[in-house]
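S.K.: Starting from the known structure of chain A, fit chain B onto it as the hints suggest.
If you want the building blocks of each chain, they are given just below.
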Amino acid sequence: MIDKKFKIANRSFKSRLIVGTGKYKSFKECAKAIKSSGADIVTVAVRRVNISDKNKTRLMDYIDPKKITYLPNTAGCFNAEDAIRTLRLAREIGGWKLVKLEVLGDKKNLFPEMIETLRSTELLTKEGFKVMVYCNDDPLMAKRLENVGAVAIMPLAAPIGSGLGIQNKVNIQIIRKQTKLPLIIDAGLGQASDASIAMELGCDGVLVNTAIAKAKNPIQMAEAMKYAVISGRKSFLSGRINPNILGSASTPNKGII
Amino acid sequence: MKIKNKIKITVNGKQMHVIPKFSLNSLITKLKIPLNKIAIELNKKIIDKKKISKIYLQNEDKIEIVHFIGGG
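Chains as they are written, first to last, in the numbering used here: chain A, 741 to 997; chain B, 37 to 108.
Any given hint could turn out to be false.
Computed footprint of chain B on chain A, listed as stretches where at least three residues anywhere in the stretch have a Cβ under 8 Å from a Cβ of chain B [unchecked claim]: (1) 773-786; (2) 906-919.
Here are a few chain B residues that sit away from chain A, every Cβ distance over 10 Å (derived from the structure) [stated by the list, open to error]: (3) K44; (4) N48; (5) L67; (6) K73; (7) N79; (8) K85; (9) K90; (10) I91.
Here are the simulated DSS-like cross-link-like pairs (lysine-lysine), alpha carbons at most 25 Å apart as the crow flies [to be verified]: (11) A:K870 - B:K73; (12) A:K866 - A:K747; (13) A:K837 - B:K87; (14) A:K775 - A:K806; (15) A:K870 - B:K81; (16) A:K744 - A:K763; (17) A:K796 - B:K90; (18) B:K86 - B:K66; (19) B:K66 - A:K837; (20) A:K775 - A:K754; (21) B:K80 - B:K66; (22) A:K806 - B:K50; (23) B:K85 - A:K807; (24) B:K57 - A:K796.
Derived from the structure by calculation, the hints contain no laboratory data. Note that the structure is predicted; figures quoted are calculated from it, not measured. Where a beta carbon is used, it is the ideal one built from N, C-alpha and C, also for glycine.
Chain B extracted, bound-state conformation:
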């Protein structure tokens, strides 16, 4: 469903709505995630973290934000 003047994105499997011309950098800032501890995938493509302020989100974009957790 498209909310008026908003675009729908999926972040880590969860739906979110953001305003058009919303950058990937704005998303990371909004989620308060430290950039140096994560990696980002946009529609299954790894994104260069240096370029995220120039990448604007599109309707139906799928974003994965990952970090390190404990593992064997």
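Bound-form chain A, shown alone:
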């Protein structure tokens, strides 16, 4: 079965795995992990240039934005104004319109502040941004985000960086049923099988950062995530068997001696 293309805001991407670029030991390690993940989209953050260290290397020196799509995020923003300011600056760096909105509500659990997130999505969309939205796994909120113009719904699996895996599969499935927008699990995955589960639930993609960057071998984990996403997607498309509490022999009884 040939899979349909992974499209976000009318742009096609080869890989359904999006990788974050934070928390790596070095830019070099980050670049290697991205390569082995096969991702063609990476998330990046906007921060002040260190003006006292002029020789400091930059992310863009290691990851070429002409080859890999940069997806600027608003990590660390707690209200719509900060998020909009950040993304306007990101757009100015190189004309990026496809962005990941992340408006947080609490420093401890890093859950999204959904009222500000909804407001920001609407304002940014009106400004011409294509907004992929980090959100909680609430189907009603997901619907409202879609109504104000989000180009992708990105519910959390669990708190950012927690590595807990998908905590509420039912809600993810409900969101999957109600939306035709790209559904991408963002945050909280811990290992490759978590990415497969997300894909088996019918998600269009996953975004992974900490589970790769903080693995003992990030480059190998990046590769594991790549195959987990491919595997989970194929499994989903293949149509699983109905679960049954009784056994069903794989070997025929006919001809038994």
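M.R.: Just chain B now, with coordinates in the frame of chain A:
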């Protein structure tokens, strides 16, 4: 404090003193920052990078220069 014949500006939260008629372009050059990898805000307004040689810094200006770093 105003140093004689100099104006005070704040760049990324740090105070600097520059001569009057100092352009934003001169500042970026002085800091050796590659223009194609950054965005600039002057007093909370985003600046068109093509116009920075015509923008002269004023006393108490606040400049933010940002770039992309690793993030999730």
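S.K.: Honestly, which of those hints from before does the structure not fit?
M.R.: 2, 4, 5, 6, 8, 16, 17, 19, 22, 24
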